[in-house]
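Visitor: Construct all of the structure, not just a fragment, from the sequences and the given hints.
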Amino acid sequence: MKFRHLPAISLALLIIWAASCNKTTNTPAPTPVSVTANLATVQIITNGSRDTQNYRILYNAQGQVDSIIETYYSTPQYTSFVYGSDNSYTVIINDGGGPETETVTTNADGTISSLIQDTYDTLYYTYNSNGIAQTKENNYITNYAWVNGDIDSSSNESSGSNSSVYYYDLSHLWQMGDIISIGSFLSYGRPTIRSKHLMTGRSFTGNFEKYVYKFDSRSRITELTIPDENVTYYYTYTN
Numbered sequence: 037m038k039f040r041h042l043p044a045i046s047l048a049l050l051i052i053w054a055a056s057c058n059k060t061t062n063t064p065a066p067t068p069v070s071v072t073a074n075l076a077t078v079q080i081i082t083n084g085s086r087d088t089q090n091y092r093i094l095y096n097a098q099g100q101v102d103s104i105i106e107t108y109y110s111t112p113q114y115t116s117f118v119y120g121s122d123n124s125y126t127v128i129i130n131d132g133g134g135p136e137t138e139t140v141t142t143n144a145d146g147t148i149s150s151l152i153q154d155t156y157d158t159l160y161y162t163y164n165s166n167g168i169a170q171t172k173e174n175n176y177i178t179n180y181a182w183v184n185g186d187i188d189s190s191s192n193e194s195s196g197s198n199s200s201v202y203y204y205d206l207s208h209l210w211q212m213g214d215i216i217s218i219g220s221f222l223s224y225g226r227p228t229i230r231s232k233h234l235m236t237g238r239s240f241t242g243n244f245e246k247y248v249y250k251f252d253s254r255s256r257i258t259e260l261t262i263p264d265e266n267v268t269y270y271y272t273y274t275n
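First residue of the sequence shown? That's 37 in my numbering, and the numbers climb one at a time after it.
Computed spacing ranges between beta-carbons, pair by pair:
#1 244 <-> 181: 18 to 26 Å
#2 139 <-> 92: 22 to 30 Å
#3 107 <-> 201: 30 to 38 Å
#4 133 <-> 274: 29 to 37 Å
#5 84 <-> 122: 44 to 52 Å
#6 201 <-> 134: 38 to 46 Å
#7 263 <-> 126: 31 to 39 Å
#8 130 <-> 170: 29 to 37 Å
#9 181 <-> 275: 34 to 42 Å
#10 239 <-> 207: 15 to 23 Å
What the hints contain is simulated information worked out from the structure, not anything from laboratory work.
Every value quoted in this text rests on a predicted model; they were computed, and no experiment measured them.
Just so it is clear, CB atoms sit at the ideal spot from N, CA and C, and this is done for glycine as well.
Guide: This is the structure:
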């Protein structure tokens, strides 16, 4: 499947990050500004310049993601999106070894309701008024709870619950470059999980993982760094 090469941040990890937390820790902040912008390129650099991934995102006339070109190995990986007349679209991944096809079904508001990666692997999403309420893949079920628009807690019905604490920057609303959304965007052309505010860190099992953002004059994310993993994301925009 797509986005396999993201260093230490797979779709599974993105789901785990959004899962297993028992509260959010926030401090008062000024009223944040909403940012709407289309990503044009994403560059992910790990361990300095020794491991670099480049993504170029193209859009159709309706503003939907039309294709994503990833350069990581010697053969570029091309991902195209074919939208149907119903609430579904097809993701076609071609990395030179033959195309893979994934089917995405959406709700009326555009959120993903199911994702079929292959015959035996379907991931289902259910929602409540806050956001995602549950993900289910085979017998792996994760339930989510929310507070003030941000992911607050979750539990896994299969393996039991683990606790994490999530931290948010209340001065910035969510945008596509958020750590919790960028992986699914590069794989499926839209986020699967998002909070109201930007996620800036999480603590879990005695560890703390920090997410550091830089912004341009229009409050768009230009860099996202995970210091402990020595990973930095660089973003540019279509306008």
